[in-house]
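Enquirer: Note that the protein sequences, when read in sequence, are chains X and C.
Residues 1 to 657 in my numbering are what the first sequence spells out, letter by letter.
Residues 1 to 657 in my numbering are what the second sequence spells out, letter by letter.
Note that these hints are calculated values from the structure, not bench results.
Just so you know, these numbers come straight off a predicted model, no measurement behind them.
Hints should not be assumed to be uniformly reliable.
As the list makes no split between identical chains, a pair holds if one copy fits it or if it spans any two.
As the list claims (entries may be wrong) - Calculated cross-link-like contacts (lysine-lysine; reagent style BS3-like; alpha-carbon spacing at most 27 Å):
| hint | residue 1 | residue 2 |
| --- | --- | --- |
| 1 | 626 | 106 |
| 2 | 626 | 9 |
| 3 | 423 | 541 |
| 4 | 106 | 250 |
| 5 | 23 | 9 |
| 6 | 541 | 440 |
| 7 | 23 | 626 |
| 8 | 23 | 106 |
There are 2 protein chains.
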Amino acid sequence: MLTYLDALKRILVGRPFRTERAKVQPLPQWLALPVFSANALSSVAYSPDEILLTLALAGVAAVALSPLVGLAVMVVLLVIIASYRQSVHAYPSGGDYQIASENLGKTAGITVGSALMFDYVLTVAVSMSSAAHYLISAFPALHGGQPAAAALGVVVLAFLHLRGLRRGGRAVAIPTYAFVGLILLMCLVGFIQDLGGELELAPSAALDIVPAAEFQAGLTGLAGAFLVLRAFSTGAAALTGVETPASNVKAFRPPRARNAATALLVLGIAATVMTMAVLYLARATRVHVVQVPAEQLRLNGGPLPADYVQMPVISQLAATVFDRGNVLFYLVVAATGLILVLASHSAFTAFPALASILATDGFLPRQLRTRGDRLSFSNGVLALAGAALLLILVTRADVTQLIQLYVVGVFVSFTFSQLGMIKHFSRLIRSTPNRRLRRKMMRSRLINLIGFILTATVLAVVLVSKFVFGAWIAVAGIFLLGLAMYSINRHYQQVARELAVEETGQATALPSRVHAVILVSHVRKPVLRALAFARASRPSKLDAVIVDIDEEETAQTLADWDRLKIPVPITVLASPYRDTTTPIINYIQNIRRDSPRDLVVVYIPEYVVGRWWEQLVHNQTALRIKTRLHFEPGVMVASVPWQLASSDAVRKFQELS
Amino acid sequence: MLTYLDALKRILVGRPFRTERAKVQPLPQWLALPVFSANALSSVAYSPDEILLTLALAGVAAVALSPLVGLAVMVVLLVIIASYRQSVHAYPSGGDYQIASENLGKTAGITVGSALMFDYVLTVAVSMSSAAHYLISAFPALHGGQPAAAALGVVVLAFLHLRGLRRGGRAVAIPTYAFVGLILLMCLVGFIQDLGGELELAPSAALDIVPAAEFQAGLTGLAGAFLVLRAFSTGAAALTGVETPASNVKAFRPPRARNAATALLVLGIAATVMTMAVLYLARATRVHVVQVPAEQLRLNGGPLPADYVQMPVISQLAATVFDRGNVLFYLVVAATGLILVLASHSAFTAFPALASILATDGFLPRQLRTRGDRLSFSNGVLALAGAALLLILVTRADVTQLIQLYVVGVFVSFTFSQLGMIKHFSRLIRSTPNRRLRRKMMRSRLINLIGFILTATVLAVVLVSKFVFGAWIAVAGIFLLGLAMYSINRHYQQVARELAVEETGQATALPSRVHAVILVSHVRKPVLRALAFARASRPSKLDAVIVDIDEEETAQTLADWDRLKIPVPITVLASPYRDTTTPIINYIQNIRRDSPRDLVVVYIPEYVVGRWWEQLVHNQTALRIKTRLHFEPGVMVASVPWQLASSDAVRKFQELS
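Chain X extracted, bound-state conformation (with noise of 0.2 Å):
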């Protein structure tokens, strides 16, 4: 079995490469910029439809509200920006965690740690389901196949990532270079239509939004203001990625933090404009996106045709603009589709190094701290493509449900990462005697203390507006990872505490005779080895045991023990119960009993097989009985393996791979 699941791997994977390779070259800007900036504008893809389709609940009146909402959201990105170009600077070589961990302590590493990391689950998720709705919106033949695609893509996504996929230069710059000229070529066209008087509506304009019933009179009073708040909310999906730049410092060429900065800024600006824009032309052309498409839509008052598909607002975007089957049309959809896919990648290079970061702390388990055979975080990989799958199959790939599950994360490590600079600059000013520079740090304490408080109210604002909708689930979600990393590092430091070795004294103490017991069932060839191999590690005493289970085999076994002259007493133990692993159990405790100085080992007779079921008809009682030993101190299980003829083909194997 194992031996199957190894070849699978080699052939999957490829040859392991070399320690020395993980090197790293850091990039000039201008592939910097676009790498680092990728996942942060790709949310350009999916934020306006959220925030369109959330006031569309209100009808079709509420959804003329939603560049006022964009602009809400756009302004908090901008702070957001302001505070991280502190941190950059501060801290040229982490992330928030670093910064949350080193300026406010362990729980609140812990729970940074966690919210980033249920985060990136979600920036997969969310992002190859959207990029799934791209392609179909494309090739609207595949309707109904959005969960597979979306899945297939994180599968082959783990897969690059699995064979040592790195961040990547050109392969990621270029695309998003082109989907940035590509939306802002397609809003500029807009605009002079727009201007023209030519600007045509969207496909969906001719449809009637239905509002909710409980939005009957329109977008007003406390329901009213409550959805707008959802609105922003969900729209704030636009700020994730964002902290990219900052976390990724040492990737950048000298003067880092400064060209760290300026990516920042380039970002932010970039994603303002695209997001302003689109939805602004979205109002212009009356796109009509909802929730659900068959329930909130009708055609001249009637329902929808069976095979209406909704289209996400770029493309109905781009089809209006430049008409559907345009090769400018396809263009747009297809950029739009990988950028979505590149902010998949960019989790996926960010998600494992932070899990072997906090596996390194000890927080996590360390089989995620190391790279694997291609020198990726193989199993960091393996974890976060499981959580996205699991996330996508369960929503369906549903971006809207998948949405409400998202921005928490990110906007408790924003919100704990700039109480960290907070603290971080007190500490500097209270130790800096010059006062022009204390001035300096009180203006940067001042911008990150605006950023603690805008991000904290709106944190508060989607905990809120959301928390019914799933953001409850993101809450336990981030809870549950925190309590499990704080039971893991509790764990971890007990043992420590437990195992550390001070006295010289120690490594000396011996004890003071071997009594080796061998556990017969048969008189086998094994039990034989086992025999031997006993005897040759000359035992003060030595004897065999066999449960008496069986009447007549314990009979036959011990007629061989005297034909066969074994030199070695062997001692029946009764099992009125049909259990092997108890007697021997109670035996072993006798003998510790009697001599608690001594060392008991134990030999127990093993077979080797080469088959996964042969596994399964052999020594599953040896193991319940060396798992029950293992609790017993001073004890000592010797396996001794008897390789059967089927398991040659599994060493040759081995040896080969």
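On the provided structure of chain X, position chain C as indicated by the hints.
Expert: Showing chain C alone in chain X's frame:
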């Protein structure tokens, strides 16, 4: 983890029973007869339904043929019973599996064993699904809960058998008598009403049957003949379970064989009378049952009411003869449901017993051989329950779907068993000088020959007429199970040959020297314990190895080694691909190559933990290394456990239980 499962098992299953309790007393005839007939009689509950609804595919006129089809099934039943009355005398100690394997060889034995096991699974699935159907016919409010009820029934039965439920005496006999009595009473009252012209029409008589597209012209041509054969094949489900008295001769009181033969005769007559009476009454009251009511039934030309629930035939007859709501209606339905549960119970007794015999003969894994804590063959019970649950969930407890897989197995077993008996008598005849005895044997052989021809024909009819409807699954299932049994047998035989000890000399060949190797990662207490244990067994050579994965950690370990002045040389193994296992294996292989006659003992320090998740964060590498080392001949693995504080609770619990 294991501990929680152990504790749960103790709570659910109870304290173990001593082996002596396994002995059972033979039953007096008045109890043995119903106990071993329940399985066969229970098919009266569903086989008339299946005959009727298969014929209904050709419209209402075809349904009138049902008594004829039933008669054909009953003729086969009586011939089979005549044959088994032979077997009972010739093989009082075994069933069809023994007859086939002793007279026809291993392959036939495997085939019959596999076919019987497959059919026992179906007995449980069909009976519990049908019982759930009766439950719903009494309480229509439970409509839709059929799969859940059937599955729950299987779980409860399995649970009772794990707790040591036995074959039973009165508890099985009384419901069986009640079932036979109530059905006969119902039929008698029905006949009297019919003679007096007072018999009402069944609740479903008013519904029209829509014939399938290919039978618009009624039951004509080849398709018509084929459908009649199919009705016969599904009705043949009435024949399952008749072998039960023949495979339990030992449970009858002496004269055992004669009593078992009498039981077979009584059972055959009872089944025939009941089936024919039910079919006659169903025709007289115009019961209309079909496979898919919503498609195949019409009410006054229009569709059925949405809440229409099709009742089984016996429920409809009880409602017609006694009036629905009458206490006798509920008694008939309850007795029928109960006999179906008893049929499952009988499979839960027979399947694990057969599996244990097959395991003893080396055809199934040894785990199936031994009795569990409460003396039931617990692994067999679990296997049966799992397989039956799978079938119930896949078919949503649809008896008509399940019945397509049924009967194949039992007829394979009938046919081989008859053939085996023919061979048995032929051999006996050859060695019998007494002419009168010989003539008697030749008469017996003739009965078995007729039985063989008939059952082989029926098997062919069943295979041909139901193949595409599901019998292929049965054929594939029986074949695969047989293949597995064949492979397991070959494996056990190979192992036995490979491991057999012939000469006395083998026991004493000792390795010349012992080379001990200790695997080190950090200098912690478990490593020091491993060192102490290794030194206590005084090896000829002792050294430690560390694999260099992380430069810093390796340096720290070496420094600690020096600081503590550990008197054992330590070797650093390079690992350019960050893999721990391969460098160690290569190192061990080199030792073996240099001195092939030495025994190499690899000491691996292991952590013993108390919580299941702690296992995930430790010992993963140790496990991989141990698995690989087991393939090296002449290498013994010694696990040196270190009990972490958290493991204490587990040990204490294990000592209590």
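Enquirer: Does each hint hold? Answer for all of them.
Expert: Hint by hint, here is what the structure shows:
1. In this assembly of identical chains, the alpha carbons of residue 626 and residue 106 never lie at most 27 Å apart, being 38 Å within a copy and 36 Å across copies at closest.
2. When the C-alpha separation of residue 626 and residue 9 is checked against a cutoff of 27 Å, the pair qualifies only between copies, where the shortest distance is 20 Å, while the shortest distance within a copy is 30 Å.
3. For the homomeric pair residue 423 and residue 541, neither the shortest alpha-carbon distance inside one copy (66 Å) nor that between copies (59 Å) is at most 27 Å.
4. Proximity of residue 106 and residue 250 under a CA criterion of 27 Å is satisfied intra-copy only: 24 Å inside one chain copy versus 72 Å between copies.
5. Only within a single protomer do residue 23 and residue 9 lie at most 27 Å apart by alpha-carbon distance; the minimum there is 24 Å, versus 53 Å between protomers.
6. Proximity of residue 541 and residue 440 under a CA criterion of 27 Å is satisfied in neither setting, with 78 Å inside one chain copy and 68 Å between copies.
7. When the C-alpha separation of residue 23 and residue 626 is checked against a cutoff of 27 Å, the pair qualifies neither within a copy, at 43 Å, nor between copies, at 33 Å.
8. Taking the shortest alpha-carbon separations for residue 23 and residue 106, neither the intra-copy value of 29 Å nor the inter-copy value of 64 Å comes in at or below 27 Å.
Consistency with the previously given hints fails for numbers 1, 3, 6, 7 and 8, ordered from lowest to highest.
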